[in-house]
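**Student:** So the sequences go chain by chain: A and B.
In this text, residue positions in the first sequence follow the working numbering: the first is 1, and each later residue adds one.
In this text, residue positions in the second sequence follow the working numbering: the first is 1001, and each later residue adds one.
Hints are not guaranteed to be accurate.
Selected chain A positions facing chain B (in silico; Cβ < 7 Å) [stated by the list, open to error]:
#	residue
1	M1
2	P3
3	A5
4	F6
5	I38
6	D103
7	P104
8	Q105
9	R109
10	A189
11	Q190
None of these hints come from the bench; they were simulated from the model.
Computed from a predicted model, the values in this text were never measured in an experiment.
Glycine included, C-beta positions come from ideal geometry on N, C-alpha and C.
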Amino acid sequence: MIPAAFDYVRAESAGHALELLAEHGDEAKLLAGGHSLIPLMKFRLAAPAVVVDIGRITELSYVRDAGDHLAIGALTRHREIETNALVGSQAGLLAGATAKVGDPQVRHRGTIGGAIAHGDPASDIPAALLALRATMVIDGPDGQRQVSSDDFFTGFLETAIGEQDLLTEIRVPKVPDAGWSFQKFNRRAQDWAIVGAAVLVNGGTCGVGLVNMDSRPVRAAGVESAIAGGASAADAAAAAADGLEPPADLNAGVEYRQHLARVLTRRGLEEAGA
Amino acid sequence: MQVSMTINGALVSLDVEPRTLLVHYLRDHAGLTGTNVGCDTSSCGACTVHLDGEAVKSCTMFAVQADDCAVTTIEGLADGDVLHPMQQAFHECHALQCGYCTPGMIMAAVSLLDEVPNPTEAEVREGLEGNLCRCTGYHNIVKAVLQAAGGGGAGQ
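Throw the hints in and build the complete structure from the sequences for me.
**Tutor:** Written out as structure tokens, the structure is:
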């Protein structure tokens, strides 16, 4: 499958990328690791006139200890996050979820920023970032702004990133003592999750992000408030699908997904120590 | 546009369209047809090559993304007539049936051992999850990777 023709331009820095976006407007698409965009282009579901390659902006590839949170550059590759000692010790849920993305070849190329900018409810990483209460840093024509993970995922394949914006950093609160679990249910190795649950348990509170349980990545807010109110893992997990509208497809119907959300959330809460 | 890369140690520079995928650059433009196209949707791993030493799926990269990088394909593994230890292990363990997945399987396996030199059987299976064998000949493939890692898988 051959993508439609496009003009290629390589951004040399974050500032250069913003200039290129301003110049080309809505005709341009950013290319990071390419593991969301290139499949779309091969199916011709996306046919940008200009591809702005940000994949070599090394200044946006890093994991730093920033006091109360980890600062992760948007172009940090999955493989780096999966194996990074700081992520492992301070935000183990993110490392664990990242290790379940695709397969090793995909993780060598794909980036955290590219994965979340795609806004796919079937993706693993958004669920982990929702559970962890991460904050996204977005640079745009009017300067820099911070967007909470709750406000970042706005709809199916839609995020708070505007057409002339560049996602530059993901800020993940450090939770070295938290228990965590990433439950991914699929039929075959490497498949997307039919449903997934990212669970963080920190003292008497918890965060639960769900994969493929709505048109966008979502939290199981009812489970979180039940745990905060002293409910058991089993009782809290019963609320996992409340208020959510999961899709029906060849892999699973709505009711089966609701069932999976409850079971996976319970397993996740138990494994994470709730 | 001019896209240059080092393929199996030799510098190659070719004029291709930006939309040219790396696998087509290798096969159709550089004439290296050892790398196969299987699913063409980054699922099967038949097109796996090494980019700066790491396994990647060459159907899900534009050639221009590999500009100025080092690419190794299955043709670049052997040292003349001497097979790479992974190729030798696949040969000895009969780790193939039709052979279509074999180039990608070997490239993924070499990359896996670079990252996990002494894997368990489970780690080999997980490490090769991005490579599909439609003959379902996984058992001997796993055996070969363990043998290449020094685990003596062939005799077990």
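**Student:** Holds or violated: A:D103 as interface residue toward chain B, Cβ cutoff 7 Å?
**Tutor:** Result: holds, 3 Å to nearest chain B Cβ.
**Student:** Do the numbers back the hint for A:A189, that is, is its least Cβ distance to chain B under 7 Å?
**Tutor:** It holds, given that the least Cβ distance between A:A189 and chain B is near 4 Å, below 7 Å.
**Student:** Does A:P104 pass the interface hint, meaning its C-beta sits closer than 7 Å to a C-beta of chain B?
**Tutor:** Holds, because the Cβ-Cβ distance from A:P104 to chain B comes to roughly 6 Å (cut-off 7 Å).
**Student:** Given A:M1 as an interface hint, is the shortest Cβ-Cβ distance to chain B below 7 Å?
**Tutor:** holds (5 Å)
**Student:** Could you check if A:A5 really has its C-beta closer than 7 Å to a C-beta on chain B?
**Tutor:** Where the cut-off is 7 Å and the nearest Cβ of chain B is about 6 Å from A:A5, the hint holds.
**Student:** Interface hint check: A:Q190, Cβ to nearest Cβ on chain B, cutoff 7 Å. Holds or violated?
**Tutor:** holds (5 Å)
**Student:** Report holds or violated for the interface hint on A:P3, using the least CB-CB distance to chain B and a cut-off of 7 Å.
**Tutor:** holds (5 Å)
**Student:** So, A:F6 near chain B? Judge it on the closest CB pair being under 7 Å.
**Tutor:** Hint on A:F6: holds, closest Cβ of chain B at ~6 Å, below 7 Å.
**Student:** Does the CB of A:R109 sit less than 7 Å away from some CB of chain B?
**Tutor:** With a closest approach of 5 Å, the A:R109 hint holds.
**Student:** Using the nearest Cβ pair, does A:I38 come within less than 7 Å of chain B?
**Tutor:** OK, holds: A:I38 within 7 Å of chain B, min 5 Å.
**Student:** Under 7 Å is the threshold here; is the Cβ of A:Q105 close enough to any Cβ of chain B for the hint to stand?
**Tutor:** holds (5 Å)
The structure meets every hint from the earlier list without exception.
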